[in-house]
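Engineer: Letter by letter, the chains look like this.
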Amino acid sequence: MAQATGIKEIIKPENLVYKKTKLMTDNVLSYCPGCGHGTAHRIIAEIIDEEGLQSESIGICPVGCSVLLYNFMDIDWQEAAHGRAPAVATAIKRLMPEKFVFTYQGDGDLAAIGTAETIHSCNRGENILIVFINNGIYGMTGGQMAPTTLPGMKTSTSPYGRDVAMMGNPLKMTDIVATLPGTYYVTRQSVHTPANVKKTKKAIRKAVQYQKLNKGTCFVEIVSNCPSNWKMTPVQSNKWLEENMLPYYPLGDMKTPEDQPA
Amino acid sequence: MEKELKLMKGNEAVAEAAIRAGADGYFGYPITPQSEILEYLMEAKPYEKTGMVVLQAESELAAINMVYGGAGCGKKVMTTSSSPGISLKQEGISYIAGAELPCLIVNVVRGGPGLGTIQPAQSDYFQATKGGGHGDYHLIVLAPASVQEMADFVDLGFELAFKYRNPAMILSDGAIGQMMEKVWLSPQKERSKTVPEWATTGKTPTRERNVITSLDLDPNAQEVFNQKLIDKYNEIREEEVRYEEFQCEDAEYLFVAYGTSARVCQKSVQLAREQGIKAGLLRPITLFPFPTKKINELADKVKMMLSVEMSAGQMVEDVLLSVNGKVPIYHFGRMGGIVTAPDEVVENLKSKITGG
Numbered sequence: 001m002a003q004a005t006g007i008k009e010i011i012k013p014e015n016l017v018y019k020k021t022k023l024m025t026d027n028v029l030s031y032c033p034g035c036g037h038g039t040a041h042r043i044i045a046e047i048i049d050e051e052g053l054q055s056e057s058i059g060i061c062p063v064g065c066s067v068l069l070y071n072f073m074d075i076d077w078q079e080a081a082h083g084r085a086p087a088v089a090t091a092i093k094r095l096m097p098e099k100f101v102f103t104y105q106g107d108g109d110l111a112a113i114g115t116a117e118t119i120h121s122c123n124r125g126e127n128i129l130i131v132f133i134n135n136g137i138y139g140m141t142g143g144q145m146a147p148t149t150l151p152g153m154k155t156s157t158s159p160y161g162r163d164v165a166m167m168g169n170p171l172k173m174t175d176i177v178a179t180l181p182g183t184y185y186v187t188r189q190s191v192h193t194p195a196n197v198k199k200t201k202k203a204i205r206k207a208v209q210y211q212k213l214n215k216g217t218c219f220v221e222i223v224s225n226c227p228s229n230w231k232m233t234p235v236q237s238n239k240w241l242e243e244n245m246l247p248y249y250p251l252g253d254m255k256t257p258e259d260q261p262a
Numbered sequence: 001m002e003k004e005l006k007l008m009k010g011n012e013a014v015a016e017a018a019i020r021a022g023a024d025g026y027f028g029y030p031i032t033p034q035s036e037i038l039e040y041l042m043e044a045k046p047y048e049k050t051g052m053v054v055l056q057a058e059s060e061l062a063a064i065n066m067v068y069g070g071a072g073c074g075k076k077v078m079t080t081s082s083s084p085g086i087s088l089k090q091e092g093i094s095y096i097a098g099a100e101l102p103c104l105i106v107n108v109v110r111g112g113p114g115l116g117t118i119q120p121a122q123s124d125y126f127q128a129t130k131g132g133g134h135g136d137y138h139l140i141v142l143a144p145a146s147v148q149e150m151a152d153f154v155d156l157g158f159e160l161a162f163k164y165r166n167p168a169m170i171l172s173d174g175a176i177g178q179m180m181e182k183v184w185l186s187p188q189k190e191r192s193k194t195v196p197e198w199a200t201t202g203k204t205p206t207r208e209r210n211v212i213t214s215l216d217l218d219p220n221a222q223e224v225f226n227q228k229l230i231d232k233y234n235e236i237r238e239e240e241v242r243y244e245e246f247q248c249e250d251a252e253y254l255f256v257a258y259g260t261s262a263r264v265c266q267k268s269v270q271l272a273r274e275q276g277i278k279a280g281l282l283r284p285i286t287l288f289p290f291p292t293k294k295i296n297e298l299a300d301k302v303k304m305m306l307s308v309e310m311s312a313g314q315m316v317e318d319v320l321l322s323v324n325g326k327v328p329i330y331h332f333g334r335m336g337g338i339v340t341a342p343d344e345v346v347e348n349l350k351s352k353i354t355g356g
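Residue numbers (this note's numbering), protein chains in the order written: chain A, 1 to 262; chain B, 1 to 356.
These aren't lab readings, by the way, just hints derived from the structure by calculation. From a predicted model like this one, the values you see are computed outputs, not experimental measurements. Take these hints with a grain of salt, some might be off.
[Said to hold, decoys possible] Here's a subset of chain B near chain A, in silico, CB distances under 10 Å, partners left out:
#1 F27
#2 P205
#3 L217
#4 L229
#5 D231
[To be verified] Taking lysine to any residue pairs in the SDA-like style, the calculated list, with each CA pair at most 20 Å apart, reads:
#6 K20/A <-> W198/B
#7 K22/A <-> I236/B
#8 K193/B <-> E98/A
#9 K45/B <-> R124/A
#10 K193/B <-> P97/A
#11 K45/B <-> K20/A
#12 K193/B <-> S55/A
#13 K163/B <-> I236/B
#14 K22/A <-> P205/B
#15 K193/B <-> E56/A
#16 K130/B <-> Q178/B
#17 K22/A <-> R209/B
Note that CB positions come from ideal geometry on N, CA and C, so glycine has one too.
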């Protein structure tokens, strides 16, 4: 009893150092414990709030684990068909050029079924932000092989490990779009440690600010985890991510405005 | 401003009518026999005059999803294609119907299945009127029989789409798309400065967030939504049926035909009457909603109906349902991109009369 009273004494407004982001709703997140989606959502919600963009923002949700994203963040949303978010965003931005338009897509959505939409929207230099969550697996459908699944990585549709002779190598979409003249800012980040969360937030802020310049597509990949389908604890998954995902998907900026002619 | 008379292809009339209707956006992908629409718009540069966005998408899939995005912002947006391209768009059309978004889709039909032919056909009737993509839904389907109607139905299509928050389709064909006729064009309308309250234009403090989606994981809620759609379609069936009668007053034999086939059958009526056969024509203008009641009434007056379509017989099923066994119903039509000739229709009618 004494201990419980102690906690109550600690939980006081003046002691709060962390609170729910204003633009996150009270709806319960549909993600597994330890999943990176919640962190990525929070970062985006914080930036939209801090940049004062709530009334300017239209987000496009993907098909996949974050299909219900529109329940979690208090901005206007459109739910796209699998892979088509950049096409949906293209029209919204062209019809309302003054708005902030972004997509939030997983690896199956962006790098498999939506490859054409991703490449062509980036090639046209659509003035949108694409946030790409790469956890190397199809989460919602139960852990099938994704285009970004690592060589040898076991999934429900590559039960003996991804055989690159049969299935090809993981697709590095971020590297591809960085080569296109239409992209303005391309970076790869992660949310598996507090330090990386801070770096990702910085990158998203930059991307959102660059977006206002209407100089081309901003593309932020976030290398993330999937504890449930990787069949690991959250801590194990973050360690695995660092040891296996990051050597193949190295973090850092791939294209910045400084690289480009004014 | 007054209407303006021009000589145009059906496809060009669609493009010009879209600009004049005050459309906000067009998203297309080239395919024969309708590529003139995108070409005309690119040459006309409406983005410099009315601010209308015109974009050549990377695929039909992208084009229809651009329409989804634009429609979700409450804008007047459209796409056009021909049969194989419309098939590719079906996923997006289903999502648009499921999200209850208004938009205009034009199908300049060519023969199929598969790559088929680039010549005109009416073999996409089932796809257009019964849904086309997955799930229970209907489009509002308008069937033009002239270049004039190609132009007029752009405005009408948008009007009905916004009235019912439902995608509308102009079901044309390669003949009407490619042929030139005189057309009276409406004066330029201003683009709308307002959007409906459900549009995603950025959440302001005075309203809840707007979400455009067709997803509902709760079966009970999904069923409630399905029922809402059915109620809407029934209202459309009550309110929006359009058709044209041609010499039906004393007709003993009735052709039922839409679009190009209706043009052919007008001549067939004349030819038949010259031979002493009292023929008439009922031309459905809306294919969904179908003029079921009218056809059922006419079944009390005529001896037989012949559904004339450039297909293996698709609309004939709706004629059969409408007539409900009152009189014999037959189908006649050429396929493969061949336009049925008026005398062929009369010969076929005569064979049905003597055979029956």
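Engineer: Looking back at the hints listed earlier, which ones does the structure fail to meet?
Structural biologist: 4, 5, 6, 7, 11 and 16
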